[in-house]
Amino acid sequence: MDTTELSALIEPKEPKKLSIISFSGDFDKLVATFTLATGAAATGYEVNIFFTFWGLDAIKEKKGRAFVGKGFLGKIFGFLMGGLHSAPVSRLNFCGISPGIFRYLMRKKNVATLEELVEAAKALEVNMYACEMAMHILGLQKSDFIHEVKDVLGVATFLDISEGGRTLFI
Amino acid sequence: MSTVKLDITKEHCPMTFVKTKIALSKLQSGDILEVLLVEGEPLQNVPKSSREQGYKVLEVSHVEGLVHKVLIEK
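Just so you know, the protein sequences line up as chains A and B, in that order. Numbering that gives the first Met the number 0 applies: residue 0 is where the first sequence begins, and numbers increase by one. Numbering that gives the first Met the number 0 applies: residue 0 is where the second sequence begins, and numbers increase by one.
Take the hints with a grain of salt, since some may be wrong.
[Unchecked claim] Derived BS3-like pairs (lysine-lysine); straight-line CA-CA distance at most 27 Å:
1) A:Lys15 <-> B:Lys47
2) A:Lys108 <-> B:Lys18
3) B:Lys47 <-> A:Lys16
4) A:Lys74 <-> A:Lys141
To be clear, the hints were calculated from the coordinates, so they are not data collected in a lab.
Could you put together the complete structure from these sequences and hints?
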C-alpha cells in the first residue's frame with residue numbers, strides 16, 4: 000500500500016453534500032439551481048436547497064400569477080412575482096417572451112426543461128427548505144408551497160444543515 | 000433477477016445521471032440495469048458515480064460509433 004492509499008484511509012473524506020441558497024427567481028438561474036441539485040443528487044450527494052426571497056417563487060403551489068400571500072401588499076407582490084411558470088430570464092426577457100422561447104429550445108434540443116428538473120428534484124428527494132424571514136415579509140405560508148418543501152427554516156438551522164459540505168448562492 | 004434496459008444516448012446533463020439513478024432505485028437487489036450511453040461525460044461519469052454509490056459495474060463495452068453499453072448490478 001503506497002502513501003496515497005494510506006493517507007486516503009487516514010484522512011476523512013469531505014462528505015458528499017451540496018447546499019444551494021436559491022435567492023433568484025429568474026428562469027435561467029433556477030435552471031442552474033435545479034441542474035446542479037439534480038445532477039448532484041443523482042451522483043450520490045445529499046442536496047439541500049434553501050429558497051429565499053425571489054427564489055420562493057419556484058416552490059409555490061400555484062405556478063402562474065395568483066394572489067398568494069397575506070394582506071393587500073402581500074397579495075399584490077404574490078401576483079406580480081408569480082410562480083415557476085412566470086419566472087422571467089435575467090437578461091433579454093423581452094417582456095416575458097424569452098422564457099417561452101427557452102422552453103421551446105430546450106424541448107427541441109432534448110434538454111430537460113425547468114419543470115422537468117423540478118420534478119426530477121422531487122423524485123430524487125432533494126431537500127427543499129423555505130426561508131422563514133422572506134415568507135414573513137411576503138405574507139406566505141408553508142401551505143402556499145408544494146408539499147415536497149420539507150420545512151421552514153432560519154439561517155442558523157440552514158448553516159447547521161449545510162455544515163461540512165459545499166454551499167452555493169444562486 | 001431481471002435485466003432492465005435504459006437508453007440515455009439522446010439525453011443531456013443532468014438527465015443522464017438522473018434517469019440512471021431513478022432506474023436503479025426501482026430495481027431489486029441483484030437486478031441488472033443495461034445502460035446505453037455515449038462517449039464523453041456520460042461514459043466517464045455514469046459508471047464512476049454508480050460505483051461510488053455502491054452499485055457493481057459488471058461491464059463497459061463499445062456498441063457502435065459513439066455508443067457504449069454499461070451493465071450495472073444493484
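Now the hints, each set against the structure:
| no. | hint | result |
| --- | --- | --- |
| 1 | A:Lys15 <-> B:Lys47 | holds (14 Å) |
| 2 | A:Lys108 <-> B:Lys18 | holds (17 Å) |
| 3 | B:Lys47 <-> A:Lys16 | holds (17 Å) |
| 4 | A:Lys74 <-> A:Lys141 | holds (15 Å) |
Going through the hint list in order, the structure satisfies each hint without exception.
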